[in-house]
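J.: In the order they appear, the protein sequences are chains A and B.
So for the first sequence, this note's numbering puts the first residue at 34; every next one is plus one.
So for the second sequence, this note's numbering puts the first residue at 2; every next one is plus one.
In case anyone wonders, no lab produced these hints; they're calculated from the structure.
Wrong hints could be hidden among the right ones.
Said to hold, decoys possible - Pulled from the structure, derived: some chain A residues nowhere near chain B, Cβ distances all over 10 Å:
1) T120
2) A133
3) H339
Stated by the list, open to error - Listed next, the in silico DSSO-like pairs over lysine-lysine satisfying Cα-Cα at most 30 Å (straight line):
4) K123(B) x K99(B)
5) K123(B) x K21(B)
6) K127(B) x K305(A)
7) K50(B) x K311(A)
8) K57(B) x K127(B)
9) K207(B) x K186(B)
Backbone N, C-alpha and C define an ideal beta-carbon position, used for all residues, glycine too.
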Amino acid sequence: MSPTTEDILLLAFGSFGILIAMTFVGEVLRAREEAGFDNPVLDTYMTRVQSWWGMVAFIGGALLLGKPGVMTLFAFASFAALREFLTLTAKAQADHLSLALAFFAVLPLQYVFVGLGWDGLYAIFIPVYAFLLLPIVSALRGNANRFLMRVAETQWALMIAVFCVSHVPALMNLNIDGYGDRSLLLVAFLVMVVQLGDLLEYFFGRRIGKTKIAPGLSPKTWEGVVCGVISAMLIGALLNWITPFGLFGAMAMAGAASLVGMFGNLVVAAIKRDRGVKDWSHLIPGQGGFVDQLDSVIFAAPIFYHLTKYFYT
Amino acid sequence: MGGAFPFPNPLPFAKVSSMKFLRQFAARIVGQSIRIFARAITAVRADWKGIEPVPKQRVYFANHTSNADMPMIWSVLPPAMRRTVRPVAAADYWLKNKLRAFVGPEVFNCVLVDRRPEVKDKPMDKIIAALDEGSSLIIFPEGNRNMTDDPLLPFKAGLYNMGVARPDVDLVPTWVANLTAIMPKGEIIPLPLICTVTFGEPIHVKEGESKDDFLKRASDALLALAPEDRT
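Here chain B stands alone, though its shape is the one from the complex (with noise of 0.2 Å):
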């Protein structure tokens, strides 16, 4: 796990490629069924408060409440922007069973990072590669599904080590709301309340920026989108 697609080949050539046609037609159908799931019962929406709508190589650094989060941000972004978009997720949930492994990696074209300290092929690697060969990123940086009443987690390390390392891409963030109310933990039915994505101003590390610093102001900005609890 967390290298390539560990999918031993057998068939010839041409099968082979008919093979992977048809995988790549799948996963933009069941790619398209997605979005327009998501468009049907939340009406999940784009807000570009910070930034325009336009390919560019940008990372999308987000709130993370819900499975449904990376799905929500991928379904609002536009086709040209979609198929350069990579979201960044654990291979431990991507690879558990087949379907997964075809909707991770193929329908949303995941890179697949392994957390575990034992690994030897180190994510951040994989996350540089994938920069260089020209991807947009959506990340976490809070790591792990936030289950508290903190609006936020603190942020990891990742989204420093990117911004010091490749400083030309803009490090978006984007504010994933109302999930929580439309499937709280533990309930089964998903209320179909409107769900929006909105887009903040792109960061950059500074000049000699702490670490600390940096993510401190990475997740003001990401807060600062939040709707206002009025209640």
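This is chain A alone, in the form it adopts within the complex (with noise of 0.2 Å):
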């Protein structure tokens, strides 16, 4: 077994033992409860414990089959979120041949030139060419009503969806000195100090948390924001083993993450009370959708590797 594997087997129980100490502390919060009460936020605390068992599972089992499962779990989580994003987006039907290039072009596309490691074209694929030319597309089929908003917003689509999802994956390509085919590891990195640092902020801002940042757009305070980035950024020292950062160099790359993530979930807020709506789907149990559980890391990943790219290449 090489010594990236087993790094992922240990990052995997490690997760394992926290989520079956989460799922402890729910059951026995449940059996303390008087039969026949209803306790709404125990039980949507027990469904997103439920959903994040799947997804440690999935994105473990993605890491032990190495780049292709990486790959193939991210190509797959990219089409969910543009086919949430896209739903709720303006089109017409002068759109439609540009929406399915979007899906069954662009989005594959970017993959396969992730997967080449072309990095000079999967950093300008989407927001070059298919910026330019899939609104010509749109254009040749004469429908200048909301145009510019139509045009705009799949562009957004596709840049947060495909883009951004992208560069998660985008992190193996890196070629660190001294750290070879572990950039592997880079993707748990940013996934488990993004998701956790989430979920300490939301925590804490549940407990101390006191001046909004932005009322009427999402419940996120300055105090929930400011611990949930102090504990990504003990996550991240803790994890330092596996990176290439340092110590210090660790903490202050998932303090990066993390926050960006959290506005990246405002952001995301932002929009969804825009279109009318509490989450972008249903697909997974008691967090809406892949666009709502992701949002963070979406945000965060391509500032990441950028980062990594610059500062350790």
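Could you use the hints to bring the two separately framed chains together as a complex?
T.: The following block contains the structure:
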């Protein structure tokens, strides 16, 4: 067994340990409850823990399969996220072909380029080529009604659901001196610090949160965010052995990723509020859709990728 | 046409029953495939706003913009409800060729009605007969597919007649959203957008309510389920 595989297994068992503890706490709380009494907070918590079990199993399994596994998992996540996003965006029949191209050409090509490691191309494919070419396809059908809104929202969907999400597996392409095939572990590092930071931000926000960051948008508080980012930095420090960053580097990277992720969550909340929906879809029980679950990772991924590339390669 | 499925059956009895078994088996497989396909492409899901997903006799009346409407509603029903539901559909469409004649009556267990006035077999008699055998129904009260920009066409009288003839049966408004964007008329490639089927609160024909008043109320109840157009 290679050291990378051993580390992945260690991380997976660590995560399962945390989940077992969380499931146990939930079951104890449930057992303490009087019969016939409903506790919606506890129910939500338990459904979420169940979804996390699934997520850890999926991501852990994908990491063990190596690059092809991670690529496939995130390509499917992109597909689900794009489907959720484009269901809510403005569109007309004139956009049918460009939307079909977004699903069946742009998305697969982006993942092919990431898979081949053509970093010059996957960094600009959607921001340049899709950005310029898809509106041409829409314009050819000659419907100017709400045109800018339609093409802009489609581009946003592609940037978020395909470009940003694909930067998670793109981490595996980074050539870091002395790190070798271990760049796979950066995927685990990013997902773990961002998701756990979110969870602790939520927890502290509930406990000690007072000052809302954007009232009317999200219940997020400054206290919660500060505690969440500090927690993410501590988790980053604990996980620094799987990164090439060193102790303080790992803390800084974890803090940056977590901070961007939390504010990304705010942006996504604004979009949902604008479209009058609570969740992007209902694919993940207790969590809403893929975009709901991944919003912070989605925002953090490209920035984490470029910071790593700039400072460590 | 319009009557029972017109297959002359020259085969001996044993063969007939094994044929029947095979056909039923094939119908189940085709049904499951349609359901899985609908879920994979459109992630179709049910929103139980006004009713619970429990097996109770109901008439689901839905908007009709695409041929995929009925399979979508059928796909989101839980198995126990799917077994007792019968879509009311046009015989001329479902008996056009052998494949449709298999899928319509045997996979979806459609109540096929013939809309031509010269046919003796009245559609409403077959519908009432299906209700009396305990089936739930899926109907499209607009009568035809809605190809206009209006959200709904005026309802035909059928829904009112059912409500008067069998007043105990719940009439459930059922809105199928997004199918026009998934597959607009004239396009070839379906978009994998999310399709939602929303079930509203059941309505009944009130004592002394006129046909037009009831149909207006039913149409409003259905329209209220449509996601608001924010653009």
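J.: Name the hints, by number, that the structure is in violation of.
T.: As far as the earlier hints go, 1, 2, 6, 9 are violated by this structure, in ascending order.
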